[in-house]
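Heads up, the sequence shown is in the working numbering, so the first residue is 14 and it goes up one at a time.
These are computed hints drawn from the structure, not numbers from a lab.
What follows is a set of in silico ranges between Cβ atoms, one per label pair, in the way DEER data are often shown:
| hint | residue 1 | residue 2 | range |
| --- | --- | --- | --- |
| 1 | 309 | 80 | 31 to 37 angstroms |
| 2 | 335 | 111 | 46 to 52 angstroms |
| 3 | 229 | 373 | 45 to 51 angstroms |
| 4 | 248 | 397 | 49 to 55 angstroms |
| 5 | 383 | 230 | 27 to 33 angstroms |
| 6 | 415 | 246 | 57 to 63 angstroms |
| 7 | 80 | 101 | 17 to 23 angstroms |
| 8 | 82 | 335 | 45 to 51 angstroms |
| 9 | 218 | 383 | 19 to 25 angstroms |
Cβ coordinates follow ideal geometry from the N, Cα and C atoms, glycine included.
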Amino acid sequence: MTRLLITTLVVWLAALSLVAPSFAQGFDKAAAREAACAQEPNAAQEEICLDRDLTRKDGALNEVYADLRKLMSRDDFARLRREQRAWLKVRNRCGSNTRCLRDIYTDRLAELEQMAENLSNPGKSHVEIGCDGPGQVYRDGRCFNQAAAVIGSNPADGWTWGMTAQNEVNNRGRYTVRLRFGIPETDALAFEAICDAGSSGYSASTKIGYDTTGRTEGATINFSVSIDGRPFRYSGAYYGTQAEYGISGILFNPDFNDPMWEAMAGGQQLAVQVANGPVTALSLRGSGKPARDFISECKAISSSGRYQATNTAKPSCDAFGQLKSKRSDTPVPLTFINRTDSYRSVMWLNFEGQPVEYANLNPGETFSVNTYLTHPWMFTDGPGNCIEIYLPNQNTSSFEIRQKSPAFGPGND
Numbered sequence: 014m015t016r017l018l019i020t021t022l023v024v025w026l027a028a029l030s031l032v033a034p035s036f037a038q039g040f041d042k043a044a045a046r047e048a049a050c051a052q053e054p055n056a057a058q059e060e061i062c063l064d065r066d067l068t069r070k071d072g073a074l075n076e077v078y079a080d081l082r083k084l085m086s087r088d089d090f091a092r093l094r095r096e097q098r099a100w101l102k103v104r105n106r107c108g109s110n111t112r113c114l115r116d117i118y119t120d121r122l123a124e125l126e127q128m129a130e131n132l133s134n135p136g137k138s139h140v141e142i143g144c145d146g147p148g149q150v151y152r153d154g155r156c157f158n159q160a161a162a163v164i165g166s167n168p169a170d171g172w173t174w175g176m177t178a179q180n181e182v183n184n185r186g187r188y189t190v191r192l193r194f195g196i197p198e199t200d201a202l203a204f205e206a207i208c209d210a211g212s213s214g215y216s217a218s219t220k221i222g223y224d225t226t227g228r229t230e231g232a233t234i235n236f237s238v239s240i241d242g243r244p245f246r247y248s249g250a251y252y253g254t255q256a257e258y259g260i261s262g263i264l265f266n267p268d269f270n271d272p273m274w275e276a277m278a279g280g281q282q283l284a285v286q287v288a289n290g291p292v293t294a295l296s297l298r299g300s301g302k303p304a305r306d307f308i309s310e311c312k313a314i315s316s317s318g319r320y321q322a323t324n325t326a327k328p329s330c331d332a333f334g335q336l337k338s339k340r341s342d343t344p345v346p347l348t349f350i351n352r353t354d355s356y357r358s359v360m361w362l363n364f365e366g367q368p369v370e371y372a373n374l375n376p377g378e379t380f381s382v383n384t385y386l387t388h389p390w391m392f393t394d395g396p397g398n399c400i401e402i403y404l405p406n407q408n409t410s411s412f413e414i415r416q417k418s419p420a421f422g423p424g425n426d
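Just need the whole structure built from these sequences, with the hints factored in.
This is the structure we're talking about:
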C-alpha cells in the first residue's frame, strides 16, 4: 500500500520535471507529498505516508508478512491473515498519533520477524532463535513462557475456563458477560474479563492475577502478556492489592478486536510479566470456545441499535418474540403500579427477548427499577399470559398497569 503510493509519487514528480522544468525547480516536494498522502483512506495511513520512519516500518512489515506466506502452511497463514486484519483495525485507531503508530509497528514487526526466524530455523535451540527471555522455553517452533508453576496445567486441580452471559441483579440488572479462569464454586480466580450492556466503548475490563506485594493500588504500569511466546504489550494498573478474595493483580482494558483474544482462543499458555518481575503463567486448555463466545457476545451488545430518546411506541403482546433489549444508553428510573384488580408479574425482556421475572404485584402494589430507554417490560397474569408490554419513555417516570386479562375465569384473572 505505502510503497505503491511512494512509487506513484516519485514517477509523478519525475514526469513533472520533464514537462515543466522551471515549474518543477520551484515546486515544494514536501507539499506535493502532503497532498498525495492526504488521499489515503484514513488518518493512520495518511500519517504513515507522511512519516518516513513509519513508511520504512510499513514496508519492512509487508516484506516479512510476504515471507511468512511462503514459510507457513495454508491453515497457519489463514490464521495469521485473520490476526493481521484484526491488528490493522487496532492500528487504525491510532489515527494520526505518530507515537502510537511507531509503538504498534515496532511491536508487530518484532513479533513477525521472530515468527519468521523460528520457522526458518526449526532445528536451532531456543537461545539461538531468541527465546531467551525470563522463563522461556522452545517447543515446536515457538517460544513459551514457562513459570515455576503454570496455573491450571493439571486438570485434576479443577481450574477451568468458562463464559457466562446473563442479567445480573448485582450489576443493576444489566446483561453482563464474563470470561473467567478459576475453580468453580470457590474464590480461586486468576483471570476475569467483563463487558456489560451499560458500558460505553468497545473494550473489556480485564484482570489477570499477579504478585502485587508492596505495590500501590491503582499505580499505572507497562506490562506484557505472552501467549505461546507471542508478546502483547499493554498499559494498565495494579488492582486488588488489599483484596482478601477475588483477583489481586493487573487491570487493563483490551479492545474487543485486540489480537490477544484470538491468540488466547487458539493458544496453550498465557504468561504475564511486569518489567523484569516474576512471570505468572496460566494454562489456556479449554479457553477456545469461551474466549470466542465472550468476544462475540460483547461485540453484539456493544453494537446493538438504539431507540430514539423521544420514542413513544406502544407495543402489544403480538410483538412478543420480536422485542428485545438493546444497548443501555439512556437510564430511566421507573415505577410500575398495578391498577388492576388482579395479580400481575413484572418481567424484563432481555437481550435475547426472553422474559426475566423481576416482581410480583398484587392489586395496588408498586415496584421501582432503574431501567433503560431501550428495555421493554412485559406484564403477565397468574398463568403467565402476556397482558401488555411497555417500552420506557424518557419523559415518564411511572407506568400504571391497567390492561385487564383478555380471558376470565378460574386461574385467568
